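*Asks:* Sequence:
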Amino acid sequence: MIVVGLTGGIGSGKTTIGKEFQSFGIPVYIADEEAKALMNRSKVIKRKLIQLFGKSAYKGDTLNRPYLASKIFNDKQLLVKMNAIVHPKVASHFKRWLKKQESPYVIKEAAIIFENNMENQYDYIITVVADEDLRIERVMHRDNASKEKIKAIIENQLTDDEKIEKSDFVIVNNDLNVAKQQAAEIHESILKKIK
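Numbering (the numbering used here), first residue to last: 1 to 195.
It is worth saying that the hints were derived from the structure and are not from the lab.
Accuracy of the hints is not assured; some may be wrong.
[Said to hold, decoys possible] Here are the simulated DSBU-like pairs of lysine-lysine, each with C-alpha atoms no more than 35 Å apart in a straight line:
id, residue 1, residue 2
1, Lys147, Lys19
2, Lys147, Lys166
3, Lys59, Lys71
4, Lys71, Lys192
5, Lys193, Lys100
6, Lys46, Lys151
7, Lys55, Lys95
8, Lys59, Lys36
9, Lys193, Lys147
10, Lys147, Lys195
11, Lys81, Lys46
12, Lys147, Lys71
13, Lys48, Lys195
14, Lys195, Lys71
15, Lys36, Lys19
16, Lys192, Lys19
17, Lys76, Lys46
18, Lys99, Lys151
19, Lys192, Lys151
20, Lys193, Lys48
21, Lys100, Lys59
22, Lys48, Lys99
23, Lys89, Lys48
24, Lys192, Lys76
25, Lys76, Lys55
26, Lys43, Lys76
27, Lys195, Lys55
28, Lys147, Lys192
29, Lys71, Lys151
30, Lys59, Lys89
31, Lys147, Lys46
32, Lys147, Lys99
33, Lys95, Lys59
34, Lys193, Lys59
35, Lys151, Lys76
36, Lys193, Lys36
[Said to hold, decoys possible] Here are the in silico distance ranges between beta carbons for each label pair:
id, residue 1, residue 2, range
37, Ile164, Ser23, 23 to 31 Å
38, Ala69, Gln181, 13 to 21 Å
39, Asn116, Arg41, 16 to 24 Å
40, Leu79, Lys55, 18 to 26 Å
Remember, predicted model here, so these are calculated numbers, not experimental data.
Glycine included, every Cβ here is placed at the ideal spot set by N, Cα and C.
Make the full structure from the sequences, and use the hints.
*Replies:* This is the structure in structure tokens:
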């Protein structure tokens with residue numbers, strides 16, 4: 001099965017583009033969503049995160065995301081340790097999901113493919129880019145987050161230029177109609193490559 005990575009910085013519109021590929025009949029696995037679900041569902045992950053962050057990591061049975069975010073935001077090592085707990089579980093969940101798919105290819109949406117040096121896990125990679133001001137505006141609207149917080153997240157991710165250099169395809173998502181057209185062309189291109 002051909003696995004296509006879909007990545008891009010915060011607010012670039014990865015999820016919107018993912019929905020476009022779903023409209024072509026391509027299954028999309030959203031790694032961040034699955035990670036969040038597993039962090040709430042998996043007893044093993046829960047136990048390890050409480051060991052790492054303390055009892056405040058969860059409020060009842062639910063992950064205390066603001067608390068975790070405040071901890072890892074200022075401590076890169078904690079982020080690395082948390083990812084070491086969560087990512088292997090997401091990877092094995094993805095493998096099980098992949099076995100159930102019957103399409104010509106699948107898309108795995110993941111924000112930090114290049115930051116985590118995971119590009120070798122994909123046959124092709126699509127990067128979604130957009131102007132920084134537009135990305136900030138989208139995230140402020142979506143997450144009710146401050147401009148400073150969003151800029152700090154952007155600073156922690158690779159630049160669009162660095163991602164573009166490592167990608168097979170690029171979608172510029174400043175105008176949704178143009179981006180949808182690019183997605184359709186990439187879809188056709190991948191189908192041709194597979195044949």
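*Asks:* Indicate, hint by hint, whether the structure satisfies it.
*Replies:* Hint check results:
no.: 1; hint: Lys147 <-> Lys19; verdict: holds, 26 Å
no.: 2; hint: Lys147 <-> Lys166; verdict: holds, 28 Å
no.: 3; hint: Lys59 <-> Lys71; verdict: holds, 15 Å
no.: 4; hint: Lys71 <-> Lys192; verdict: violated, 46 Å
no.: 5; hint: Lys193 <-> Lys100; verdict: holds, 22 Å
no.: 6; hint: Lys46 <-> Lys151; verdict: holds, 30 Å
no.: 7; hint: Lys55 <-> Lys95; verdict: holds, 31 Å
no.: 8; hint: Lys59 <-> Lys36; verdict: holds, 14 Å
no.: 9; hint: Lys193 <-> Lys147; verdict: violated, 41 Å
no.: 10; hint: Lys147 <-> Lys195; verdict: violated, 45 Å
no.: 11; hint: Lys81 <-> Lys46; verdict: holds, 14 Å
no.: 12; hint: Lys147 <-> Lys71; verdict: holds, 20 Å
no.: 13; hint: Lys48 <-> Lys195; verdict: violated, 44 Å
no.: 14; hint: Lys195 <-> Lys71; verdict: violated, 47 Å
no.: 15; hint: Lys36 <-> Lys19; verdict: holds, 19 Å
no.: 16; hint: Lys192 <-> Lys19; verdict: holds, 21 Å
no.: 17; hint: Lys76 <-> Lys46; verdict: holds, 20 Å
no.: 18; hint: Lys99 <-> Lys151; verdict: violated, 38 Å
no.: 19; hint: Lys192 <-> Lys151; verdict: violated, 39 Å
no.: 20; hint: Lys193 <-> Lys48; verdict: violated, 42 Å
no.: 21; hint: Lys100 <-> Lys59; verdict: holds, 34 Å
no.: 22; hint: Lys48 <-> Lys99; verdict: holds, 28 Å
no.: 23; hint: Lys89 <-> Lys48; verdict: holds, 12 Å
no.: 24; hint: Lys192 <-> Lys76; verdict: violated, 41 Å
no.: 25; hint: Lys76 <-> Lys55; verdict: holds, 20 Å
no.: 26; hint: Lys43 <-> Lys76; verdict: holds, 24 Å
no.: 27; hint: Lys195 <-> Lys55; verdict: violated, 52 Å
no.: 28; hint: Lys147 <-> Lys192; verdict: violated, 42 Å
no.: 29; hint: Lys71 <-> Lys151; verdict: holds, 18 Å
no.: 30; hint: Lys59 <-> Lys89; verdict: holds, 22 Å
no.: 31; hint: Lys147 <-> Lys46; verdict: holds, 31 Å
no.: 32; hint: Lys147 <-> Lys99; verdict: violated, 41 Å
no.: 33; hint: Lys95 <-> Lys59; verdict: holds, 30 Å
no.: 34; hint: Lys193 <-> Lys59; verdict: violated, 48 Å
no.: 35; hint: Lys151 <-> Lys76; verdict: holds, 17 Å
no.: 36; hint: Lys193 <-> Lys36; verdict: holds, 33 Å
no.: 37; hint: Ile164 <-> Ser23: 23 to 31 Å; verdict: holds, 25 Å
no.: 38; hint: Ala69 <-> Gln181: 13 to 21 Å; verdict: violated, 36 Å
no.: 39; hint: Asn116 <-> Arg41: 16 to 24 Å; verdict: holds, 22 Å
no.: 40; hint: Leu79 <-> Lys55: 18 to 26 Å; verdict: holds, 20 Å
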